[in-house]
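Participant: Here are the chains, one letter per residue:
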Amino acid sequence: MAASQLITQALPKFYAAANAIGTVHSARFVPMGSSALTLIAEYDGTLGQLCDDVSKQIGPLFDGIFTNVTDPPPTPVQKNAGAFGDWVARHNLKSWVFYTGYPTLSVKDILAQAAKAA
Amino acid sequence: MHGLHLSDIQGFVLRRYLMPMQRNFLLKVTSAAAARSALGRMVSGDETDALQITTAVEPLFDARYYLQVGITWAGLLALEVKDRVPKLSFESFPAFVEGAAKRAEMLGEVGTNAPENWIGGFGKGDDHVLLTLFARDSELLDSCSAQISSQCSDGGAFQELWRGGGAALIEKVNGLPVPVSRVHFGYVDGIADPTIKGGPEGNMPDHQQPCEPSLFVLLDKAQDYYVPDPPELGRNGSFGVFMVMQQDVVGFENFLQSHKDKIDPELLAAKICGRWRNGVPLEISPDTDSPSGGITLDQLNDFEYVNSDGSGDPDGVRCPIGSHTRRVNPRGQPIKGQGVPGGSNNSHRLIRRGMPYGPAYVPGTPDDGIERGLLGYIINASIENQFEFVMKEWINGYDFVGASRLNPKSRDVMASRKIDPSESIFEIPQANGDPPLQIKGFSSFVTTRASAYCFLPSITGSSSPS
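Residue numbers (the working numbering), protein chains in the order written: chain F, 1 to 118; chain B, 1 to 466.
Looking at chain F on its own, in the form it has when it is part of the complex:
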């Protein structure tokens, strides 16, 4: 199945997974033409920990995406979490300039403070 269809169908699970992981400020899939797909995310903690959490929470979505990808990591992602993390690290585009409006606040800080203010 095309990646776009896979992602659209998996959206509720994707959002639920991001909530459950609890360290993701924002995440977006951005197609680059028809031959590449980027995932751009701002998150707390390390890339390794994020990949570990992603493999546990939403691994099957990436199994589907990887059927459309050249030179993918071994699947199922959930069973091959280490290899998935290594693959992501190798394919990670390093940020050149990164700005955040709240450098000291984590997702959990923000949610906790919002709950208090409500």
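Keep in mind the hints are simulated off the structure, nothing from the lab.
Heads up, some of the hints might be wrong.
The list that follows gives simulated cross-link-like pairs (lysine to aspartate or glutamate, EDC-like), each with its CA atoms no further than 20 Å apart [unchecked claim]: (1) B:K102 <-> B:E116; (2) B:K392 <-> F:D52; (3) F:K108 <-> B:D399; (4) B:K392 <-> F:D71; (5) F:K56 <-> B:E393; (6) F:K79 <-> F:D109; (7) F:K56 <-> B:E212; (8) F:K13 <-> B:D224; (9) F:K13 <-> B:D434; (10) F:K116 <-> B:D434; (11) F:K79 <-> B:E116; (12) F:K79 <-> B:D224; (13) F:K79 <-> B:E171; (14) F:K79 <-> B:E384; (15) B:K221 <-> F:D63.
Now the stretches of chain B that chain F is said to cover, found in silico as 3 or more residues with beta-carbon under 8 Å [stated by the list, open to error]: (16) 220-234; (17) 437-448.
It should be emphasised that the depicted structure is a prediction, and the values quoted were computed from it without experimental measurement.
Ideal Cβ placement from N, Cα and C applies to all residues, glycine included.
Put chain B on the given structure of chain F with help from the hints.
Facilitator: Chain B only, in chain F's frame:
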């Protein structure tokens, strides 16, 4: 067929034994061939030749003993298993391969808890095989121990590095000494135990969602790991984290009394644990350990912290979010790794097989200087995603609950090792929006004296390298 291969799985993975005494033997392999042969004899089925490893088949009512075996990664190498199989691989289990000593710092086991202070040779590289013996009384314990010593020294197989035992605490009931399920901090323990789909029924009713068997037994159908290679070794096995945990029982009782101007000591004990010391859950009975009308055995484990509609006790007014039992088993509360109210935290559940060591301490009596604590196994298929996850995220953490997060200085009073008396805190939420009651000035009441990450092979696995 959905069922589990009970005759191949070690008994204590699936069953909580009612034996009141336990002894553990830490062994170093001194002759690989003789050691492999000794292990093979323990699964041969011949009781006249050697004490046998107990399986998960329905235990005999009059069994003299139960016996279980754990092997560390260093132990597998010392047994020369690698040389005798086409491929030895535990690729999905890096924590087991690294071993407890290397993983200790990440779990907060520092200072007096650090591996360099562990007793009995644990964590020093020669901690190869752990035998755990359960028996009905001390005579049987001693006679079976003598047989084990003899079996293990045959052919120079093993050197015994350490032995340590536990025994159920004894209380007088109608004048007779009776083993009870209270542990050293005075609480009734062992109430909650996961139910496993396809597994034997537990001793106590469990109202939580049944767990997939692959959470506790290594099975090919598991979604998040590969069974270790070779499969004859890996399949139907499990992993156990063995720990000897010293408890400062005198200090704990003094601590409870020292805050009595602010809170009744028994209520403080309940808030710290999540259950009154007699086992009654705070969630069901927040004000008294003797609710009117009584409480049935079934109710002891039939409650929820946060229901699927968000109702219940999301802010911890009845049972504090930072209480020990709520931290290690959050049930339907949304937390890191499980974001849905009323959802299941099954993927991180633990099977506990521990026992007290040291005689009971009577609160209020002078400190007799005797070491007391808890020892035994925490059993799970994934040490990383179960035991270590619970330690790092839920016991040592404070922000695992999202919007109702704990004070960053909060500590699990019963289980945290890293406590600073000048700043660590235990908060008790109050009703009506009143500010929480803050308890401070306590030190750690537990110290890790030993630990080992063990593979718990199946019966097939135990005989395969011979």
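Participant: State for each hint whether it applies.
Facilitator: Evaluated hints:
Restraint check: the Cα-Cα separation between K102 (chain B) and E116 (chain B) comes to about 11 Å, which is no more than 20 Å; the hinted pair holds. Between K392 (chain B) and D52 (chain F) the alpha-carbon distance is near 15 Å, which keeps this suggested pair within the 20 Å criterion. Pair hint K108 (chain F) plus D399 (chain B) holds up; C-alpha atoms about 7 Å apart against a cutoff of 20 Å. With a CA separation close to 34 Å, the supplied pair K392 (chain B) and D71 (chain F) exceeds the 20 Å bound.
A distance of roughly 15 Å separates the Cα atoms of K56 (chain F) and E393 (chain B); the hinted pair therefore holds under the 20 Å criterion. Taken as a hint, the K79 (chain F) and D109 (chain F) pair is broken in the structure, with Cα atoms around 32 Å apart against an allowance of 20 Å. Note on K56 (chain F) and E212 (chain B): the hinted pairing holds, with a Cα-Cα distance of about 15 Å set against a maximum of 20 Å. A threshold of 20 Å between alpha carbons decides the hint, and for K13 (chain F) with D224 (chain B) the separation of about 18 Å falls inside it, so the pair holds.
This hinted pair does not check out: K13 (chain F) and D434 (chain B) have alpha carbons roughly 38 Å apart, beyond 20 Å. Of the supplied pair hints, the one linking K116 (chain F) and D434 (chain B) holds, its CA atoms being roughly 14 Å apart against a limit of 20 Å. Proposed proximity of K79 (chain F) and E116 (chain B) is contradicted: the alpha carbons are some 34 Å apart, above 20 Å. A C-alpha spacing of about 4 Å is found between K79 (chain F) and D224 (chain B), which places the hinted pair at or below 20 Å, so the restraint holds.
A distance of roughly 48 Å separates the Cα atoms of K79 (chain F) and E171 (chain B); the hinted pair therefore is violated under the 20 Å criterion. With a C-alpha separation of about 13 Å, the suggested pair K79 (chain F) and E384 (chain B) falls inside the 20 Å cut-off, and the hint holds. Taking the CA atoms of K221 (chain B) and D63 (chain F), the gap is near 17 Å; set against the 20 Å cutoff, the hint holds. Counting residues of the stretch 220-234 of chain B whose beta-carbon sits less than 8 Å from any beta-carbon of chain F gives 5, enough to reach three: the coverage restraint holds.
Against chain F, the stretch 437-448 of chain B contributes 0 residues with a C-beta closer than 8 Å to a partner C-beta. That does not satisfy the three-residue criterion, and the hint is violated.
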